[in-house]
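**Student:** Listed below are the residues making up each chain.
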Amino acid sequence: MPERTVVVASEVGLHARPAALFVQAAAAQPVDVTIGKPDGEPVDARSILSVIGLDAKGGEPVVLRAEGEGAEAALDALEAVLATDHDA
Amino acid sequence: MSDLITAELVDLDLTGADRHEATGKLAALLAQAGRVTDVDGFLADVRAREAQMPTGIEGGIGIPHARSAHVTAPSLAFGRSAEGVDFGADDGPADLVFLIAAPAGGASDHMTILASLARKLIHQDFKTALREAPDAAAVAALITNALG
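Residue numbers (the numbering used here), protein chains in the order written: chain A, 381 to 468; chain B, 1082 to 1229.
In isolation and in its complexed conformation, chain B is listed as follows (with noise of 0.2 Å):
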């Protein structure tokens, strides 16, 4: 999985009105990097997935994520936003956002890189460090060694 994330994949000033704006962005990060092919039929199934699941969780984490036929490789772009976009959560709005994008065939992928990233983000130190990561390349380091 050394390849899910770049540093063209990171946006440490992510910004947006609501989730879909923020997802939008990142999902066009994914577009430029050749990973995904339709960034509006990529989203749409981002949000088909969000019908069966709120993609906000507690500790300002938002995951939209989904498998996808626009999908070219298992990708993962993060955004951190000073202002935190709303994913639904409880507790309040998100600062930290992964998008997991996986293609249509790949089984059950994307299930395994949401798990990984899901243990890892329980623990505190982690979540600090992606707060604190002073670069794009620093970040996407952290997020490949942790799922690696």
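One chain only, chain A, in its complex shape (with noise of 0.2 Å):
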């Protein structure tokens, strides 16, 4: 399955605003992606519960997964998300 780890670029980590952008540009890709802690259970991209209830601090690492058609895409503009400093 084709996965990306991500450092998590907003000072807040991957909550409020970064957190909301996520899902939502979770939700507008064709294929189902997972996002998750290196060395945790992968959660549902597309919930903002999941996605708040990781945790994730800026400066850590996530992965995210997806598989189908088009999933190197939704992986692309998944990663861009999260690599951009939404705090700034």
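Everything labelled a hint here was simulated from the structure, so no lab data went into it. Just so you know, these numbers come straight off a predicted model, no measurement behind them. Honestly, I wouldn't trust all of these hints.
Using 27 Å as the maximum straight-line C-alpha spacing, the simulated DSS-like pairs for lysine-lysine come out as follows [claimed, not checked]:
(1) K437(A) <-> K1201(B)
(2) K417(A) <-> K437(A)
(3) K1201(B) <-> K417(A)
(4) K417(A) <-> K1208(B)
(5) K1201(B) <-> K1106(B)
(6) K1106(B) <-> K1208(B)
Using the hints, put the two standalone chains together into the complex.
**Tutor:** Below, the structure is given as structure tokens:
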């Protein structure tokens, strides 16, 4: 399964606005995407509760996974969201 | 985190024409308990937060929250609303409302609380237990155990 490890750029972490933007972007993808800590359970990237529940801090890596037609493009798009500092 | 919420911070008959009114009532509970020093100032901080992110979440949940200079200790107030209060979620009003308040200096305190709460709220049985709890003390105990 295609996967991507991305460092969370927003200083606040994957919470608040960065989390909301990420979930929105994930929901817009044509494929199912999961997100997780490198050593943790992957969760549905479209669920705001699941994403907030990860408690991913700024500067921490997270792993994105997607499968199927368009998976790589979806990962590209979501990597760009995570790699942007939305607090700035 | 054992004293985040107590029975006096629970309102099982929360009403409000909109989320601001409902949030205001929960904030008043925090003020009565001495955990918020300036209700209006605190609510302004909550609204600033809301502008960044909708605080209504799928499944009938509202989680207004803020880190604020008007908060003396990390706290959680909870309201259960039979009619529901619109928190802006796509799937309808919230009947379970959590107001998270953290002191300004509390670094990532309120994010940690929010994350723990979010992990529990994914589970239907936790939400059902909150909806069916008989009284404020039972709700406070449920939440305390869940976040402990």
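**Student:** With reference to the structure, classify each hint as holding or not holding.
**Tutor:** Hint check results:
no., hint, verdict
1, K437(A) <-> K1201(B), "holds (19 Å)"
2, K417(A) <-> K437(A), "holds (10 Å)"
3, K1201(B) <-> K417(A), "holds (18 Å)"
4, K417(A) <-> K1208(B), "holds (25 Å)"
5, K1201(B) <-> K1106(B), "holds (24 Å)"
6, K1106(B) <-> K1208(B), "holds (21 Å)"
Checked against the numbered hints given earlier, the structure satisfies every one of them.
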